[in-house]
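Visitor: One-letter residues, chain by chain:
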Amino acid sequence: MTTRDLEVAHGGIPVGKEGIYSQQPILSARKLVITFGRVVGLDGVDLDLYPGEILAVIGDNGAGKSTLIKCLTGAYIPDSGEILMNGQPVHFRKPQDARMAGIETVYQQLAVVPALDIASNLYLAREERRKGPLGSVFRMLDKKGMERRAGQAIQRLGIQTIQNMGQAVETLSGGQRQAVAVARAAAFGSKVVVLDEPTAALGVKESGMVLEMIKQLRDGGLSIILISHNMPHVWEVADRIHIQRLGALAGVITPQSHDMGEGVAIMTGAKRLAPSA
Amino acid sequence: MSNTVTSAAAEFARRQHSPVQRVQHQLHARPWLSPLFLLFVAFVVFFIATPTFLTANSMGILLQQTAVVATLAVGQTLVILTAGIDLSVGAIMVLTMMVMASLARDGGMPGLLALLIGFVLALAAGALNGFLVTRINLPPFIVTLGTLSVYTAIALLYSGGESIQASHLPGLLNVLGDGFAIGGFRLTWGIVVMVIIYAVVGFALSQTAWGRYVYAVGDDPEAARLSGVPSKRILLAVYTVAGLIYAVAAWELIGRAGAATPNAVPDANLQSITAVVIGGTSLFGGRGVLIGTLLGALIVQTLQFGLSQMGVDQQWRVLATGILIVVAVAADQWIRKVKA
Chain A
1 MTTRDLEVAH GGIPVGKEGI YSQQPILSAR KLVITFGRVV GLDGVDLDLY PGEILAVIGD
61 NGAGKSTLIK CLTGAYIPDS GEILMNGQPV HFRKPQDARM AGIETVYQQL AVVPALDIAS
121 NLYLAREERR KGPLGSVFRM LDKKGMERRA GQAIQRLGIQ TIQNMGQAVE TLSGGQRQAV
181 AVARAAAFGS KVVVLDEPTA ALGVKESGMV LEMIKQLRDG GLSIILISHN MPHVWEVADR
241 IHIQRLGALA GVITPQSHDM GEGVAIMTGA KRLAPSA
Chain B
1 MSNTVTSAAA EFARRQHSPV QRVQHQLHAR PWLSPLFLLF VAFVVFFIAT PTFLTANSMG
61 ILLQQTAVVA TLAVGQTLVI LTAGIDLSVG AIMVLTMMVM ASLARDGGMP GLLALLIGFV
121 LALAAGALNG FLVTRINLPP FIVTLGTLSV YTAIALLYSG GESIQASHLP GLLNVLGDGF
181 AIGGFRLTWG IVVMVIIYAV VGFALSQTAW GRYVYAVGDD PEAARLSGVP SKRILLAVYT
241 VAGLIYAVAA WELIGRAGAA TPNAVPDANL QSITAVVIGG TSLFGGRGVL IGTLLGALIV
301 QTLQFGLSQM GVDQQWRVLA TGILIVVAVA ADQWIRKVKA
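Respectively, the protein sequence lines represent chains A and B.
Mapping of the first sequence onto full-length UniProt numbering: position 135 corresponds to residue 135, and the numbering continues sequentially without gaps.
Mapping of the second sequence onto full-length UniProt numbering: position 178 corresponds to residue 178, and the numbering continues sequentially without gaps.
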């Protein structure tokens, strides 16, 4: 057996990095099935996300990437199968449930409100009030405090181009908006961040900035699911790559075990991965 | 890699803006600037054109004339901030006014009780608008166009089309027409109530989470929902609160007009929308500040009042207001295109 066969046999776990993979997955899916009328969205999909890793999910259009993610984040309820967090079964009925459990999603169509400023966006729907009667009786917001902490959150991501937290998000560039959305997802004690095509609408430089940011989040201990069509980006940042094909899992590889060409071949069905033992 | 990104982006941020861009930026960041400037210009023009304009007496009358529409416009601002529109403002106000007056005169109810029932009725009328918008998912324009007719018809049927003079009403109902003088400057309680409404709603919009949700729902409902904002609840609350505010306007109107008349302020809808739009609030939702609406209401009244003092025909005053609306909306479109 080659190293590569070994990795494939172990769900794409990189040889030599078994350490973190001996832990319990932070988020797992077991035999997820969802149908939309006669269309089978997911046909018994398994997924494991380990603490502190970037798991890329790739697949052709209609392969079930988005459907899988929506099941994991509470936007869809699977017909059957199990979702486990830290080994415990969880049942998300709506996105808010997943968020409460520590799974944050950055949607492709960027869930930021353009007219609101950066701090307001970061704290949208979890505003902090002032201390004392101003906050409890008059429900007054702690604007200064939220701006200060928003600034720290942006700083931690290594974004130096955003200085003024009172700036409206619509005046930011695409990459900066993405940074705000990611900062929002990474704040508030989240454990898992799901990024849906974070670089799709960005230029080369801004994509680079966002990829750096994703690595920083991982190095900070977050677990990340990255959905992307952009193979170079996936091979640049991912620790493992989950390949969806026709609503099922085609295999899990690593950027080291397979090159991009092979990955795409598996994704399109031109090549089959050796069945895992 | 991140270094080159940072420096290039930082350079971009430091680039020079043209003077026009800077003005655009300021207007974008401070939506109340343009109406304030417009009001200032109007004052200067009328001060030069007519000697009687800038007197304490005239200013008192101007404020009294503004109070009712300015109050209605607070509710209208809330609705427009959510990217909606309320065509039933005048209808809710008139219905409330007729019910309050008739309960007090014909039902012999004490003023306070009639007032409270009126408030509850307006609240329910606003809530019905909100229910139709949020639960039946009808566009606000259609909903309020329908309820405009419904509420107006009920008001006419209920009152039999006849007016009720203030002399037949308990003191509490027309107290807002009473006032006090500061120097030669005569203020009514109606003006005071109007200012209080602006202060309370202005605080809620700018200082509370609820206010932020109103802006968020109006600007990008999908993003707001994905962020966890309870969009439908916010919308329902906005229409309901707006109804309550129209009831306050009804109370002010009884005092101001000295009677409850079913065909009072026939163009209340257009006047309130005009005040909001000239005040810099975007009809597309999510943008604007409440103080702008007060300035907008003052601009419209100043134009009407000043031109009439100059002896200009009513038709010309209508024309001037119309032009002002078109210019205000065009300016809003331009300001919205601001770049970083």
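Among these hints, one or two may not hold up.
As the list claims (entries may be wrong) - Keeping only pairs whose Cα atoms sit at most 35 Å apart, straight-line, the calculated DSBU-like set for lysine-lysine is:
(1) A:K271 to B:K232
(2) A:K31 to A:K271
(3) B:K232 to A:K191
(4) A:K205 to B:K232
Think of the hints as simulated: they come from the structure by calculation, not from any bench.
Visitor: If a hint holds in the structure, say so; if it doesn't, say that too.
Guide: Now for the hints, and whether the structure bears them out:
{"no.": "1", "hint": "A:K271 to B:K232", "in the structure": "violated (49 Å)"}
{"no.": "2", "hint": "A:K31 to A:K271", "in the structure": "holds (23 Å)"}
{"no.": "3", "hint": "B:K232 to A:K191", "in the structure": "holds (29 Å)"}
{"no.": "4", "hint": "A:K205 to B:K232", "in the structure": "violated (39 Å)"}
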